[in-house]
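Below are the chains, spelled out letter by letter.
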Amino acid sequence: MTLLEPHTSAPTTTIAAYAEGATKIYGSGDTQVTALNKVDVSFPTGEFTAIMGPSGSGKSTLMHSLAGLDRLTSGRVVIGDTDLSVLSEKDLTLLRRTKIGFVFQAFNLIPTLTAAENISLPIDLGKANADMAWIDEVVQAVGLGDRLDHKPNELSGGQQQRVAVARALASRPQVVFADEPTGNLDSQTGAAILDFMKRAVQQYQQTIVMVTHDPVAASYADRVLFLADGRIVDELRQPTTDTILAALRSSSNR
Amino acid sequence: MWNITRRNLGANKIRLALTALAIVLGVGFITSANVLSDGLRASFGSLAAEIVQGTDLAVSRDDDVPLTQTELDTINNVEGVRIAIGEYNTDNVYPTRADGSAVLPEGPPVIANSWTLDDQLNPTTIETGRAPEGPGEWVVDMGSAEREGFVVGETYDIIVPTTEGLTSAELVGTFRFGENNQTNGATLLAFETNTAKELFDADNFGSVSIATDGSRSIPEVQEDIEASLADGYLVQDNGDLNAETTAEFNSFISVFAWVLRSFAIVALFVSIFIIANTFNIVMSQRVRELGLLRAVGATPKQVRRAVMGEALVVGLVASVIGLGVGVALAYGVEAFLNAIGADLPDFDKPLTLPTAAIGIGVGVVVTALSAWVPSRKAGRIPPVTAISGHDGLDTQVGKRSIVLGAVLAVAGAAFTGVSLFGGIDSTALLLGLLGAGAAILFVGITLLSPLVAAPISRTLGAPIAKVYNRPGVLAKENAARNPKRTATTAAALMIGLSLVSMAFVVGQTLKSDLNELLESTVQADYAAFPGVDGLVPTAVADDMDAAPELDHVVGVKYWSTEVVGSTPLAEGVESDVEVATVDFDRIDEAFDLNLLEGSYADIDDDSLAIRQASAEEMGVGLGDTVAMTLDDGSTADMTVAAIFKDASIFWGVLVTDARWNTVAEQENYDWVAVSAADGVSQADADAAIAAIGDKYPQIVSQSSTEYREEITSQVDNLLYILSGFLGLAILIAFIGIVNTMALSIFERTRELGLLRAVGMTRSQMHRMVRWEAAIVSGVGALLGAAVGIIFGALVVVATPEEILNNLSIPWVSLAVLVAVASLAGLVAGFMPARRAGKLDVLQAIAD
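Chains P and C supply the protein sequences, listed in that same order. Residue numbers for the first sequence follow the working numbering, beginning at 14 and rising by one. Residue numbers for the second sequence follow the working numbering, beginning at 1368 and rising by one.
Check the hints yourself; a few may be wrong.
As the list claims (entries may be wrong) - Computed beta-carbon distance windows for the label pairs: (1) 96/P / 1766/C: 30 to 38 angstroms; (2) 1629/C / 167/P: 47 to 55 angstroms; (3) 1773/C / 167/P: 25 to 33 angstroms; (4) 145/P / 1669/C: 54 to 62 angstroms; (5) 2197/C / 41/P: 32 to 40 angstroms; (6) 96/P / 1666/C: 58 to 66 angstroms.
Simulated from the structure, these hints should not be mistaken for laboratory data. Owing to the predicted nature of the structure, the values given are computational and were not obtained by experimental measurement. Each residue gets a CB set at the ideal place from its N, CA and C atoms; glycine is no exception.
Model the full structure from these sequences, guided by the hints.
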């Protein structure tokens, strides 16, 4: 299984994205909720990180803030060498287009565009010339073959998610953020998607951050961060399903 | 269920406002038509009462032939009659101002009367100066004197319908009409009785007014007058007179109101599509909620009722608002009509109970009709949708609706065909059938149009996709993704634009036909017309003859009388034809009537020239005889000596001047054709024409090209006014587009959120939404132009060849119309685009 193959790339020390003192507070007064509490975290290039934690732990908020979809109350997020906290709405959008890839749990594709058009969407939205060789490679990797010209509603759920991952990779982003990418899939189809993501990390030095509550999905990552009450409470490297379950048990006992 | 209806209404205020807007405007327009007609009626009603005030009885003849002095003497001898006065009146006399320009009835009328010597019968009182007492004197109402700058004691030229055309008279006084000189803008002037008789070119009294002496009751006097006169006289009392005068005003007002109402009906018809479409979209968006209602035990009937109840409340509220808008619109329409030269008097704009009832009734019924189909659909939503969220309502074009559309289109076309070609006599029936046919046809076309909506959207969108890349592609695909929705949204615009396009096609055909005919028929360089109602005095023709720069002066007179040939005409068909006279020795100098048979030289007092089509109708040929009814009621047998083709200036028969004088009593010309004398430069001829025009302000002289331009510009003006009124329907259509787009945006929240997440900027999203709106508009505009061209062609084919002949389609104007309407979609898309741009990405994705 690809899962067990060793890293083919050399270890790297560059940082694709990081957050410093990331704090997000919703509401005020009695109803005030601290979703993120001074989180410091960094994501080295070419690493597959899973973020786990119970609902309300702040894992989605952390991901949204990292991805430039939400703004922090205080602290900062840096993608590559760009500080998101100082960007205008428009620059943030352009940054998402070029530096960030997304895979959501569902509704990842534009129904009026074909699979191929969905993959190249972030590039087509810009004026820059696409790296056609790279796009071709990504498209090949999706393995859709002649279904590339089909609209999303003619594809299976697994095929749709593969197209979504390819779309996230198409612009060679600094980081790909995935939010429960296999949440809507059966375990077999889900495994194929996770393999595909892992291969992208290994072969192309892609950085991926994935939010999940599924230990099996998290076990595909190089490391797992555990969040609770807006803080990082634990970290696992080279996790397996068993070590993750153990860590989850210990963190909920704390 | 009522509770749910109420909650839903509260929950979706914007959606509600957009739905209501279409109803508000439709009800507003119909209300304004009623408010205007009520107001005008009241205003003219009080005018009528002032006119006849003081007159106890009035005598006229059934056949409208004026009364003579003999009859007046008879009436004066009836016991109980204090005085009977014969009055002369005309609307062909106009004063000129100090600067020589004429006060013409270009809006409110100019009415000249003989001065009534009896105080009771005279509705006016002298304000300054004195009453006119003899030749060369006149008086005018005080309001007009002030408005036009007439000064008592000064002498002014007065335009009169005599052969001289002008007279000069001193203004000896001003008078007050009624109590407040409320003339509704009319100019009133008066002359001493015998002077009036001469200047008005009148032999007999226009009317006879009677005041009683009080010794007997009015009905008794009325009876005796009736007895003293032969049969065929009408004796009316004050109430009858008032009613008659009011009825005359009312018939005019009611035509005007129905014109307004018909535009309102078009607007309301268009609204039905908009509202139905809105409810349909709302239903599919609320499918989960409605499914939940079914799941917890609501019956389909209850769901239907909840939806229907919601619609009715919206309809009711919107109608009430529409009433207010209607009153405001009445002021707007008044201003619009005044701006295009109607010059209406000031009048109240009352919102009467019937007006309010009609407005609310129409609004509620229209809404109920619109919500009918959507409510049936809502009732069919299965309970399982509460869980699945899948609406079970088809977005695909159903076979059933296509079949229904085809059936309705054929039925509508049949109705329209019967009304256009069926030879129906009753105008009301014809218009009703035509309207119903067109309405059914439109519904049919709308049901069929989803078949073409997607391909048209993709074709229109292709260049946009080229220019704007991905946002353009998405705009195109979004317009094409739900053909039913796009088609229904575009339907409203299609209807409005098809009517405008039809008018353009008919108007263009009319213009080109007229131009072609006039160009080939009229050889003369200039034509002199009466500037307003009235005639061209013979003195004008004499002056032209006398001018060395001008030559080939040919005066034309028209009348109409019964001319019967060998074929008996169908019962009820008007057998009157136009009888005209020209100088046959000079006719070739001015006109080419396309003489087919015979020759003008053969025409004497007992023969005539006839238009080919008229001859065919009467079943006569060259050498045959027709019977022509003369002025005194006898008939003359006339031989056909020439047959001509023209149908632009002569429509019936042509006779000699001597024969014409036995048919009609008219010395002056209807118009005069004249050319530059040989060897005279155009500038010199123009100057001579201008000099004559200055002398006679009542005539308008134009060169042949000016004349043709004027006719075409009149057709154009009519088209602009028509388009202006249809503009309301088109405005409602655009509200529909805003509405659909706003709802689609709401429906596509997640998709839009995704686009933003993967890097679509706000301005790209604006562009995408606006161009989608433009493409939807384009679909409606294109379909509308196509349908309009077909309608226009049908009208041209159905209309007699003499009026509309060679179909001429104004491609450029139509292309501009379609382009403008499509680009207006960009404006319609503005608000929805902003909403889409403001979307909170995080929330949209989390939804």
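query: Failing hints, ascending?
result: 1
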